[in-house]
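Put together the whole structure using the sequences plus the hints.
In case you want the letters, here they are:
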Amino acid sequence: MKILVGIKRVVDFNVRVRVLPNGSGVDTDGVKMSVNPFDEIALEEALRLKEAGKASEVVVVSIGADECQQQLRTGLAMGADRAIQVSTSSAVQPLAAARALLKIIEREQPGLVLLGKQAIDDDNNQTGQMLAGLWNRPQATFASKLEVDGDKATVTREVDAGLETIGIALPAVVTVDLRLNEPRFVKLPDIMKAKRKPMDVVPLEELGIDAGPVYSIEKFAPPPQRQKGIMVESAEQLVQELKNRGLV
Amino acid sequence: MSKILIIAEHDGQALNLSTSKCVSCAQAIGGDIDIVVLGKSIEAVASQAAAVAGVNNVICVSADYLEHALAENWAPEIVAMATGYTHVLAPSTTFGKDLTPRIAALLGVNQLSDVMEVLDAYFFRRPIYAGNAIIDVRVPEDSITVATVRSASWPAAAEGGSAAIENRAATGSASAHTRWVGLESGGGDRPDLQSASKVVSGGRALGSAENFSIVYSLADKLGAAVGASRAAVDAGYVPNDMQVGQTGKIISPDLYLAFGISGAIQHITGIKDAGTIVAVNKDGEAPIFEIADIGLVGDLFSIIPELERLLG
Ligand SMILES: Cc1cc2nc3c(=O)[nH]c(=O)nc-3n(C[C@H](O)[C@H](O)[C@H](O)COP(=O)(O)OP(=O)(O)OC[C@H]3O[C@@H](n4cnc5c(N)ncnc54)[C@H](O)[C@@H]3O)c2cc1C
Ligand SMILES: Nc1ncnc2c1ncn2[C@@H]1O[C@H](COP(=O)(O)O)[C@@H](O)[C@H]1O
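Which chain is which? The protein sequence lines are V and W, in order. Mapping the first sequence onto my numbering, position 205 (from 1) lands on 205, and the numbers just tick up by one. Throughout, my numbering is defined as the position within the second sequence, counted from one, plus 248.
Worth flagging that the hints you see were computed from the coordinates, not collected in a lab. Each residue gets a CB set at the ideal place from its N, CA and C atoms; glycine is no exception. It is possible that some hints are incorrect.
Claimed, not checked - Quick partial rundown of chain V residues pointing at chain W, CB under 8 Å, derived from the structure:
| id | residue |
| --- | --- |
| 1 | 94 |
| 2 | 125 |
| 3 | 134 |
| 4 | 184 |
| 5 | 186 |
| 6 | 187 |
| 7 | 190 |
| 8 | 214 |
| 9 | 217 |
| 10 | 222 |
| 11 | 230 |
| 12 | 231 |
| 13 | 235 |
| 14 | 238 |
The following block contains the structure:
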């Protein structure tokens, strides 16, 4: 079984993102970029399935400008066998991303597609669900446990009410949550090895997809800031303060 | 004029408050508002939906295979009835996040996530980058708008409505590929984290599941729900459904008390809309004090029992 893993290049989660003063976007100049943290977890899971003999090949795919090849290389260094860049210089919205991934699925015929539950830049949390819908296959979102058994899988999902378990037939789309696993660190020799692994570049236009009706972002603004409040010295003062404010 | 369809979130017995918050969002858009209730034996939920003020019609589709909210089964039902609506809304809870994008894709449109404000019927405000930026987004007027509604940004709509309830037959069939197996609920009888007016949260500093009992005990004294940081969940002190933050629950209680939580941006994202934030941390430099309304530097292991006594 082949596993396809979606990798998005995003601003590193440790960076405190700033909105540009003119409201045209966020400042990404000289900012550290990384693999979306959820996608690292997705890839780690794919690699573990391969190591357990349940998958034969792991292919990472990213839709984006040429810079996203860096993140694909990270994926290869972690252990993916091949990479595909769907190249485009403009940002793609989730419907277009899902339609592009579906085209790659048609070419690659994976048994499992692993994506992050959300990209931490746009916080959309849509692509996997859209892909599964368009592909007319099962979706198991927010996975914190994945057991693959032949052409079936059992997935534990982190939902608001607790942990939900579903059974799905493969092929399917699984989107991963933080507690699924802890991704491995990349070792230096692996970075060297990754340089020799194949990276295909497919221009987005060649896939012939329709981006659908797109939305436009007219303004970026910083969030309203909460004001720093007061400090109290003791539990007594805290309780008094809460009483004064009618909160207890 | 807009015609808005809201997908009800429920557990088979009770309508989730998140649905009523969607009604508030729909009212800000303006227009006719319908709620669709999918499920099995959903009469009780339907009448709760009909009692939300401002709702025109409640559409019920009941079938065995709709009992659990599997997107594979639910999305085609919504798609089948979407014609004629200008907007489809669902809460941006795990329920809505799972279901709604599949609907949007089948309708051939993008989805807007986490609507926090309506600027006009086709112009919305939402957070990105864990709430570090707020964007104003214009959606095309000539296609259906599918969106999830950020619950913490909206009040629950009033009660006292009397919408008509219409039963419709299901149009689809059970998915051959996806099977619901079970749900393991973490929470006990405490107030629901997402709708509680008071929340007491604990972080990594609690150190163990046993130690976390002091947090529960204080919460019970206050009639509060219990939350946690990701670190506390990852360490196994508490179940996942208690996580507050970017990848957990986004909440807006009147009072939020954080014990031994450092205040990472991903945690703060989940509590930005709280009324009053109280932080207790032994490190006076902890970032949580930058946003706390009331801060206290000290050891939570002595402060929590003291608070409990003082409140007693
Ligand atoms: C993609 C992504 C998503 C994330 N999503 C979330 C999320 O949804 N929610 C979330 O919470 N985190 C999330 N995180 C994790 C987040 O970055 C932090 O790691 C986490 O919030 C830290 O939890 P904490 O504050 O409990 O632990 P720590 O940061 O370790 O802080 C513990 C605090 O306890 C204090 N302390 C220690 N002992 C005592 C004592 N005896 N008395 C009083 N204070 C004491 C310390 O001074 C310290 O400030 C996410 C991270 C990533 C990368
Ligand atoms: N441009 C992209 N390239 C590759 N994968 C993507 C891209 N956009 C989204 N994805 C995948 O879809 C997941 C969810 O993204 P989103 O729906 O944008 O929050 C991500 O974690 C990725 O796995």
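Taking each numbered hint in turn, which are not upheld by the structure, reported in ascending numerical order? Result: hints 4, 5, 6 and 7 break, sorted rising.
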